[in-house]
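Since the structure of chain A is provided, determine the placement of chain B on it from the hints.
For the record, the sequence lines run as chains A and B.
Each residue of the first sequence is one higher than the last, beginning at 1 in my numbering.
Each residue of the second sequence is one higher than the last, beginning at 589 in my numbering.
Just so you know, these hints were derived from the structure itself, not from any lab.
Certain hints may be false.
Said to hold, decoys possible - Some chain A residues close to chain B (C-beta under 7 Å, calculated; not the full set):
#	residue
1	204
2	226
3	229
Just so you know, even glycine gets a beta-carbon here, dropped at the ideal spot from N, CA and C.
There are 2 protein chains.
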Amino acid sequence: MRHSASHLLATAVMELWPNTKLAIGPAIENGFYYDFDFLNPVSEADFPKIEAKMAEIKAKNLDFTKKDVSIEEAKKLFSNQPYKLELVDELAKIEGVKLSDLQGVKLNIYKMENFIDLCKGPHVEKGSDIGPIKLLSLAGAYWRGSEKNKMLTRVYGTCFPTQKELDDYLNFLEEAKKRDHRTIGKELDLFSIDDYVGPGLILWHPKLSIVREEIELYWRKQHRKHGYQYVYTPHVGLDNLWKTSGHLDFFKEGMFPLMAMELKNKEERGSYYIKPMNCPFHVRIFKSRTRSYRDLPLRWCELGSVYRYEESGVLHGMLRVRGFTQDDAHIICREDQFVEEVNQILDFALELNHDFGFDNLNVYLSTRDRENLSKYVGEEKVWQLAEKTLKEILEKRKISYKEDIGGAKFYGPSIDLKAVDALGREWQGTTIQLDMNLPAKFGMVYVGEDGKEHVPVMIHRTLLGAMERFVGTLIEHYAGAFPVWLAPVQVKIIPISDKSLDYAQKIKEKLFSEEIRVEVDDRSERMQAKIRDAEKEKVPYMLVVGPKEAESESVSVRVRGEKDLGLMSFDQFLALIKEDIAKKRQVC
Amino acid sequence: MRHSASHLLATAVMELWPNTKLAIGPAIENGFYYDFDFLNPVSEADFPKIEAKMAEIKAKNLDFTKKDVSIEEAKKLFSNQPYKLELVDELAKIEGVKLSDLQGVKLNIYKMENFIDLCKGPHVEKGSDIGPIKLLSLAGAYWRGSEKNKMLTRVYGTCFPTQKELDDYLNFLEEAKKRDHRTIGKELDLFSIDDYVGPGLILWHPKLSIVREEIELYWRKQHRKHGYQYVYTPHVGLDNLWKTSGHLDFFKEGMFPLMAMELKNKEERGSYYIKPMNCPFHVRIFKSRTRSYRDLPLRWCELGSVYRYEESGVLHGMLRVRGFTQDDAHIICREDQFVEEVNQILDFALELNHDFGFDNLNVYLSTRDRENLSKYVGEEKVWQLAEKTLKEILEKRKISYKEDIGGAKFYGPSIDLKAVDALGREWQGTTIQLDMNLPAKFGMVYVGEDGKEHVPVMIHRTLLGAMERFVGTLIEHYAGAFPVWLAPVQVKIIPISDKSLDYAQKIKEKLFSEEIRVEVDDRSERMQAKIRDAEKEKVPYMLVVGPKEAESESVSVRVRGEKDLGLMSFDQFLALIKEDIAKKRQVC
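Chain A on its own, in the form it takes in the complex (with noise of 0.2 Å):
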């Protein structure tokens, strides 16, 4: 239906500007669009005469109709359109298939009014089976993708087989927009995307980086809690450790090249490279000693900083970066332990993601892409073992979940849960990965009980993902408004004037020595003024002070989203705040 509904828009395009070109209209998730080559530049400004066209061929309920054509009438049909007689000639040079052959050869067109065509369909019949459709936005695209040729005007639409339907998609759309994470991050001061610095990389301003500390020191707290040791490891490693843990072999494309150490000084030897995972380097620590059966398990978690290369055309905001912080984790564990260990941290990832407001959680098996098999290392026995483990702990647990064929490490297959947002959107976050291959390719020993050397099993982990991603996920899903332990700023003091100044800088300062993140608002404007700024800030907590307060050591305390919680002893108001924040209340 949305494919047919990229017709109608050709359609309706080529009866307003007949000279217009035509490029591709597939379908894709949630929609359609079309790529044209206008003759004069067309805007959003053109939807409603665009979208009125439509309504109009659409009324008239004509068929879709299917017909087979040769190539020579193909490039007749066609003869005014460059690029589908583009897309004809490539049809036609089929590798493999001889010129004698192409005679026979017959391409799929589709009509529908005086529109037509290269397309291999389906369709809906007519024109009536179309539901109701709006166009969305306008942006440029490149003629099949590449730079170097023509940017085209792509127009997007989406189409749905009800009102009611199309309505809700377009409100989603519309919360989408405003939750966007890049807008609010700017509007409230967040983070900065830098020409200077590079695509990708995110400069963590002063608010946002108190909600990273907050979860940081958080997590923290809960992995000693669940028995982890913390590590610390370096940014780069020599191009050896890259070598053998299989990242040059496996993973180069994705790593950022290489730091030639020749350039420094002659006698220096190999390079360098930043590194795109953690776990050799918690690998080596672990080789620095002998290890007994008795040490394991061994769980070393890191808040490592990696950095992947990555096409600057697919980066977005905090959510697809090239340098991120992993909340890391390496389980290092005997054969016997390891059902244990993948079911201890499902647990923690359960019990973290709720602290978040993550409750709905999506759950996927990764396992290898069986077509692709040169992808990954190791033995096939070792994966099978590896795949069906994972999916027995699953089926045991009775948790439903979806395969995600050709979503596994190049090291193993992985548990993913995915976070569903206030929107039910799915954000990557948890992965479990079972790795009985690194260890043996590293070398990894631990002396068992029978005084023999044997070679553990690793368990690659991370709760939240990468910290970049997990914060722009609770932008979004919080749309700015952090709960209290997370808010940047806490409570907001608004003096009723300035005669009310020292009261509130008494009030701050009692505050601010129990720890909690306050600012008075001193200018000289009007309170109501100082309370609509506060809203916008998404500051959690205002609190109105004037004499009266002042005489009572009181506080008019109001809440975030214009709900007013009256007057309140300055006590019963910081007992209030202090349990917000220890019961990390998702709402205040």
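Just chain B, lined up with the frame of chain A:
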């Protein structure tokens, strides 16, 4: 005197092994050395023989006589000493001196007994003026320090005016050796440096990571209290950033080599450098929005990991490394604010140093090397003002200081505090750098009260310096016996037999839930052996538990260093250790 002792050493060596070839033998800090090319290998086992011969010669109390000789004469005197001849030839080839002038050139030689050396002096008058001597060690050393030349044998020794001073120094060396953080680091499983990772890069093992975590936690708390805000910035930045900051012009030698992005993708512009400093990133955050005079001072801190290239020969454990985490901060303020800010930082630095047991601090004012002005960025008058202001601040506070000429960074002078440790050694820590140059270079401005743009002043500062060096220093300062608040394991529970294991576990759980770092020694060893091992591990508290303790809910408390506190109730002990931690007591 020490230089004369080195001649005495060479005299003795030549008498014992007349075919030895002599290189050079200077006085150094706390001693002297002489480099020899021995015909047959000599070892430290030969030291008594050499020392006896030196004593014998010294007893003759012969004079040191100085003589001027021509180059021709020198060549004759040293005809049998190829290294000396090479030096004579070199002295004869002084650039810009005409050959005819060389006739008049005289070289100094010193003679004592039959030993003659090419030497500018000065020396003591006679053998008896040399104090008590001790040969210390033996090491390989390339002739003229180049790997291309022959490896010679360097004999180190020292000599002091009195036997008492020599003995004190030898005791100091013994003590320093025992405290060597590399030895302790290995014994206590604190850290490692790994061939696969690279020289000068520290892997922090779990036990030392706890120490660092505690320090960082405390550091963050203190910084919030002192009005700082935290920021997080990436570890890499584009070449444009480092060009603008001046690092590529003034600090390139200290930077790791570039990561050329064209190796990833021809369409990628520029190259990345891993950061040697954090300042340019903080500057970019400042520049991400308009700043007003009301926003200043901004105090932004970051535990920022930086990487600097150092020759591998100068690296030393955790104390001189290639990768380190600075406890960095940048204060961006108005001209009328920076004197007050420097004073506040000084107060903060004294407070923080005190909490780590460093009350004895040597103060330095680091200024430019005026004979190398091309090493510095910025105008003469700005430098003069900055140097003068820091000097005035110190003088107003009546702090006595030394000037460290050439110690300034390329962008400004600094006040440096060096901590004096338990052995009286000086360690680099706090540095407060006044920078009136980079803000202009980066085009940093704020809108003043007058509505016009002004350039702010920037203060770069670290209080602890680098986590690696600071914690390495702490290991040596405490000889591995960290105070309770930092100790990796704070309590070791020692059941007197397996029958008391349940009670031991119960006590452990109770302490663990109070966030005390606790271990039970459940090995089937004798109690005394367990105590000895806990002492070796430098655990501050050992709780010995048996049936008597179980019955009365109490513990028998032993303190590291064989102090016995006797029986106390569990609650009493808990209160005691909590107070140790809260007060950061240096000894328990």
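Hint check:
| no. | hint | in the structure |
| --- | --- | --- |
| 1 | 204 | holds, 4 Å |
| 2 | 226 | violated, 12 Å |
| 3 | 229 | holds, 4 Å |
Of the numbered hints given earlier, the model fails hint 2 alone.
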